[in-house]
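Visitor: For reference, the chains in residue letters:
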Amino acid sequence: MTRFSIMLIVFASLLTGADNASAFELSSVPTGQIHGFISQGFAKSTSNNYLTHTDEGSFEFAEVGLNYSQRLTDRLNAGIQFFYRNFGLDRNRRIVVDYAVADWRWRDYLGARVGRVKLPYGLWNEIRDADVARTWILLPGSVYDDGFREFVIAHWGGELYGIVPLSFMGQLEYQGYGGAVVPDPKGAQINEIMTRLLEGSDGAPGLGGACIKDPTTRTRYVAGGRLQWHTPLEGLMFAISAAWGENQWAFKYPNLVEAPTPPFPPGSVIAGSTARVTLDLDVMSWVASVLYQWRWLTLSAEYARLKAPIKVTLVPSPGLDEVEVTTLPVKREGFYGAAEVEVLDDLVLGGYWSVFFPDRDNRGGPSQYQRDMDLTLRYDFNDYVTIKAEAHRFKGYAQLSRLDNQEGLSKVWYLYLARVTVSF
Amino acid sequence: MYKTLPLLLLVWMLGASTACAGFYVVANSEVPEQSLDQSELKSIYLGKKAAWSDNSSVHPARYLRGDLHEEFVRSVTGKSPRQFRVFWKRAIFTGKVVPFTEFDDEAELVEWVRQTPGAIGYVRTKPQLADLKVLYHSPEA
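Line by line, the protein sequences are chains A and B.
Under this note's numbering, the residues of the first sequence are numbered 1 to 424, in order.
Under this note's numbering, the residues of the second sequence are numbered 1001 to 1141, in order.
FYI, nobody ran anything at the bench for these hints, they're computed from the structure.
From the three backbone atoms N, C-alpha and C, an ideal C-beta is built for every residue, glycine too.
Errors might be hidden in some of the hints.
[To be verified] The calculated EDC-like cross-link candidates involving lysine to aspartate or glutamate, where the alpha carbons are at most 16 Å apart (straight line), are: (1) B:K1049 with A:E56; (2) B:K1126 with B:E1140; (3) A:K307 with A:E234; (4) B:K1096 with A:D108; (5) B:K1049 with A:D108; (6) A:K44 with A:E56; (7) B:K1048 with A:E56; (8) B:K1042 with A:D74.
[To be verified] Here are the simulated distance ranges between beta carbons: (9) A:W294 with B:C1020: 51 to 61 Å; (10) B:Q1038 with A:L172: 54 to 64 Å; (11) A:A288 with B:K1126: 40 to 50 Å; (12) A:A339 with B:G1066: 25 to 35 Å; (13) B:S1039 with A:V114: 52 to 62 Å; (14) A:A339 with B:D1037: 26 to 36 Å; (15) B:D1054 with A:L299: 31 to 41 Å; (16) B:D1054 with A:T216: 29 to 39 Å; (17) A:Y416 with B:S1029: 55 to 65 Å; (18) B:D1037 with A:A242: 28 to 38 Å; (19) B:Q1038 with A:Y221: 53 to 63 Å; (20) B:D1131 with A:R220: 50 to 60 Å; (21) A:D345 with B:A1021: 12 to 22 Å; (22) A:L375 with B:G1066: 48 to 58 Å.
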């Protein structure tokens, strides 16, 4: 946090001469803009730890972002955003480049972005780090799973985008992209997934072993797109998003046992040696969305599926041949319905009902589902300060970290959150 | 009281609290368009239309707050001022450049639109200047 604060001050001073304006003009047309946000929250649950140490109550629930954008020519813009987040259970806190984009808009129907580009997926994926840009504190986890955040937040590559008028049929907005997602191999999400593989979860046997070492990630590609149909009915929009990708994760771990339980071939693991595990993921996911906004009322609903079979191969000990251990099926499903009512000009009351299944073919037991009922109150004091209060009733714990809940998990639990965000 | 409650609720639902005094949308005289409809204006102020018909850039102006801003945003975009603000915060924090030049004062906005090729803005009173063109006016104007 200290490093970020220093960087923020230096950065802002360099660009603005410590001017506190939210955007500054370099000529008659705004060419250079600096914006940012600081968001601090508190989270407390009746049981179970989720994202931070909610069981005890935690203020480790903060996000900071700072961006600078520059209009280089009439058609070319460039922008970069730095981002830092402190969620208590994310063990790899550091400042990251959230996006870094050169944006060339040739015509309204055709533009291109290159660099680190936010990934268009569903209604809200691009703003999952920007609390001020949505009503909820927590987005519906059934579609926006924080456990997969690092894989979907942005990609390095390119994107084509545009909007095409459809005469009396409204407008069609499109984005298509290709590139690579580069998740941090030491990030919390990778660590959690790999640890689950070692220990086993959801009834599947683990690989055995203890701590993991030298994790690496490699994305062969990610590609996808989003189509948004702005219908002739004012405020009604349908969207479909899809993404494909191939990832490979690898790590080493010291074998502790001679012959683990299946799926390993007997004798394939030698105690005391170091094994190398490679996981190949072939991901396909899609989400269908609908959004309707009428005056003070906003309704939204989304349905998402993700299929990502994980092929596990193992070199049990150095010098031995690679063994294909198993292919783990991953077939996730999630959906939610949400409503937001602008009760007063700056006061919004919102709620959603969200349901998630990590395996759509197996919905039994609280580890195989997570149902979330949410109620949120958002108040905008002014253009810059927003406060929120939110309550959740969860049933099931399919998206909770086993690492962070080693004392066991409660089937029914409540989560209360409050947050203040200052943005400019 | 319970008899007037439905009426109060209806007034709240229809958002009838804001009186509309009308507005004019003005543009720099070099802008090729002679008029705009409400959907084209909405596209400009929601960042979906960035070029005029001759492919020159649109440079929209807006006010930060005030009755005129509120009336314009509600009438043209169908959003409340808060929804409009949140819409643009989304753009700001996902890598899009906000195209607006912002003003507190109508006279300053008019002067800027006069001098900036491709500029467009909105005013309460119909301007009588030769180097500005009126592209749209609200039904109340």
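Visitor: Give me the numbers of the hints this structure contradicts, sorted from smallest to largest.
Guide: 1, 3, 7, 8, 9, 10, 13, 16, 19, 22
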